[in-house]
Amino acid sequence: MTDVLAVADHRRGELRDVSYESITAGRQLADETGGDLHIAVISGTVDDFADKLNRDGVDAIHTVSHGEEFNHDVYSQAITQLYDELAPQYVLTPNSVNGLDYAPAIANELDLPVVTDTIDLDNDGETLVATREMYGGKVETTTELEGDAVITIRGAEWPAAEGTGDATIEAFDADIDEDAIGSTVNGFEEVGGGDVDISEADLLVSVGRGIEEEENLDLIRDLADALGATLSSSRPIVDNGWLPKNRQVGQSGKVVTPDVYIAIGISGAVQHVAGMKGSDTIVAINTDPNAPIMDIADYAIVDDLFDVVPELIDEFDG
Amino acid sequence: MKILVTVKEVATVEDEFEIEGTEIADQYLGADLNEWDDYAIEEAVQLQEDGIADEVVTVTIGPEDCEQTVRQALAKGADRAVRVWDDALEDVDLLDVNAKTEILSAVIEAEDPDLVLSGVQAGDDSFGATGVSVAENLGFQWGAVVNHLEHDLENGLASVRRELEGGVEELTDIELPAVLTIQTGINEPRYASLRGIRQAQQKPLDVQTLADIGVDESAIETELELTDMYEPESESDATFWEGSPDETASELGELLRDKGVAQ
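From first to last, the protein sequence lines are chains B and D.
With the working numbering, the residue at position 169 of the first sequence is 169, and numbering never jumps.
Heads up: take any position in the second sequence, counting from 1, add 1000, and you land on the working numbering.
Treat each hint with caution, since some may be false.
[Claimed, not checked] Pairs of lysine to any residue, SDA-like flavour, derived with a Cα cap of 20 Å:
{"id": "1", "chain 1": "B", "residue 1": "LYS277", "chain 2": "D", "residue 2": "LEU1255"}
{"id": "2", "chain 1": "D", "residue 1": "LYS1002", "chain 2": "D", "residue 2": "ASP1237"}
{"id": "3", "chain 1": "B", "residue 1": "LYS52", "chain 2": "B", "residue 2": "THR33"}
{"id": "4", "chain 1": "D", "residue 1": "LYS1259", "chain 2": "B", "residue 2": "GLU68"}
{"id": "5", "chain 1": "B", "residue 1": "LYS245", "chain 2": "D", "residue 2": "HIS1148"}
{"id": "6", "chain 1": "B", "residue 1": "LYS277", "chain 2": "D", "residue 2": "ASN1187"}
{"id": "7", "chain 1": "B", "residue 1": "LYS277", "chain 2": "D", "residue 2": "LYS1002"}
{"id": "8", "chain 1": "B", "residue 1": "LYS245", "chain 2": "D", "residue 2": "LEU1171"}
{"id": "9", "chain 1": "B", "residue 1": "LYS277", "chain 2": "D", "residue 2": "PRO1204"}
{"id": "10", "chain 1": "D", "residue 1": "LYS1259", "chain 2": "B", "residue 2": "ILE296"}
{"id": "11", "chain 1": "D", "residue 1": "LYS1259", "chain 2": "B", "residue 2": "LYS245"}
{"id": "12", "chain 1": "B", "residue 1": "LYS277", "chain 2": "D", "residue 2": "LEU1171"}
{"id": "13", "chain 1": "B", "residue 1": "LYS245", "chain 2": "D", "residue 2": "LYS1002"}
[To be verified] According to the in silico footprint, chain D covers these stretches of chain B (three or more CB under 8 Å from chain D):
{"id": "14", "stretch": "22 to 33"}
{"id": "15", "stretch": "38 to 52"}
{"id": "16", "stretch": "112 to 119"}
{"id": "17", "stretch": "161 to 173"}
{"id": "18", "stretch": "297 to 306"}
Don't read these hints as lab results, they were simulated from the structure.
Glycine residues also receive a C-beta, built at the ideal position from the N, C-alpha and C atoms.
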């Protein structure tokens, strides 16, 4: 039997989508051998969270009421104790920033292998086959392992579980050692405010690594001006300090849904795509026809941005 | 205080490549300092320049070939380097998180730093797990995906910001000793100066075997097996506009006018 313990993700009173997606992933794994799917929900308004997590496919929900927000020491202690109690084969956590703050620790503590950022999982009762990307998405790999493991799943790869389940909901009396808590969360801050809200724009001209040099950004500014568009970017441009954080599209930046999104010199890393895939029409300008951005583009120009963009400016300014 | 930075030389892949078995064919591979580690090095060097760190040591798991990359870290200001390699590591297809944890933990125990900085992930295999695993293994505190570090470490506390999803940062205090995994954008990594590059050649780079650091070969055995590697099937159903730049630009212009978003 393959029992699965999936850990829910929440922040500031809200369950995050990946919590429902991990129900789907966990159910698929457990189904292979008729195992049970357990969900752990730790800290915050756990009873409310448990009701929401009680969707089709969940067998049991274990609530651990301790503190309001995520703390990796509390999570690690609660999950290792649940693991001892339930003896699941797989511990499934989101590959979120918080998931990566405790999943490796519980794997080490429990002396289990850890496979992170999986995008597909298969299990024949003995062997787990985990699909992951390498080299920034240029290749996919399969990794196999037998026995127990800690696995983190990428968001938006599995559909969210739906319906209403008939899971048992029980408070788990975790023994949290306060002395072992070595970090304190003092608060949260929204970043990326400022002069412009890129999520409001109808037309975004978005620039990535392909621009190469900071001074070349003027070319993209000129284009945005000519089109009456709003300028946004992928992460490396903001990391380099070339544009402020409020211009960043992606997982750690803003989610945007303009009528038209023009991705210029953006390869389309999964973290970027997470922030713009809801755009009505996506146009990619990139020299690499195999760049991941092409997978979600509706229209594409495979050419040098330094040749195409000036022509486009002429088209509207000329 | 003493800072240790984990440094990895990562494989980079050309746009066009071929796969042989579960590896990318050698001729399409390059090597570079892991992007995230570059930011970790910069953060450590800045702490040294601010008089907070007395010594910055890098540790790398890798063969002799990667010494050029290690020297980059030294050229940027790290004081000395440790490189762990062993015949037993030559034939390992997949050095998993647990194996890296054992090796790095042994070096960190010997070096006894106050703070360990590690990149959030490596650009090649992107596990994003080693730093936190090492911390747990050593009984250190930790913080994952740190994009701001307050320079008030003398009191045994690191005040950090963790970059959560959706433009939210978590403000957290972490007791030392600790491992912080460093996110890109936390600083602006410097280019090594010519003087730095010259000095780096003279800085100590100790090479140690598994036996030297007291790690048994059985510790690097993995339960994970890499069984396949393939190019993801292109799901693109994009309309590819073809022609000269002025032709493709005018196709795009027409689309923008059709959609009513530009005139």
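Here is what the structure says about each hint:
no. : hint                  : verdict
1   : B:LYS277 - D:LEU1255  : holds (19 Å)
2   : D:LYS1002 - D:ASP1237 : violated (53 Å)
3   : B:LYS52 - B:THR33     : violated (26 Å)
4   : D:LYS1259 - B:GLU68   : violated (46 Å)
5   : B:LYS245 - D:HIS1148  : holds (14 Å)
6   : B:LYS277 - D:ASN1187  : violated (29 Å)
7   : B:LYS277 - D:LYS1002  : violated (44 Å)
8   : B:LYS245 - D:LEU1171  : holds (17 Å)
9   : B:LYS277 - D:PRO1204  : violated (49 Å)
10  : D:LYS1259 - B:ILE296  : holds (18 Å)
11  : D:LYS1259 - B:LYS245  : violated (28 Å)
12  : B:LYS277 - D:LEU1171  : violated (29 Å)
13  : B:LYS245 - D:LYS1002  : violated (32 Å)
14  : 22 to 33              : violated (count 0)
15  : 38 to 52              : violated (count 0)
16  : 112 to 119            : holds (count 5)
17  : 161 to 173            : violated (count 0)
18  : 297 to 306            : holds (count 8)
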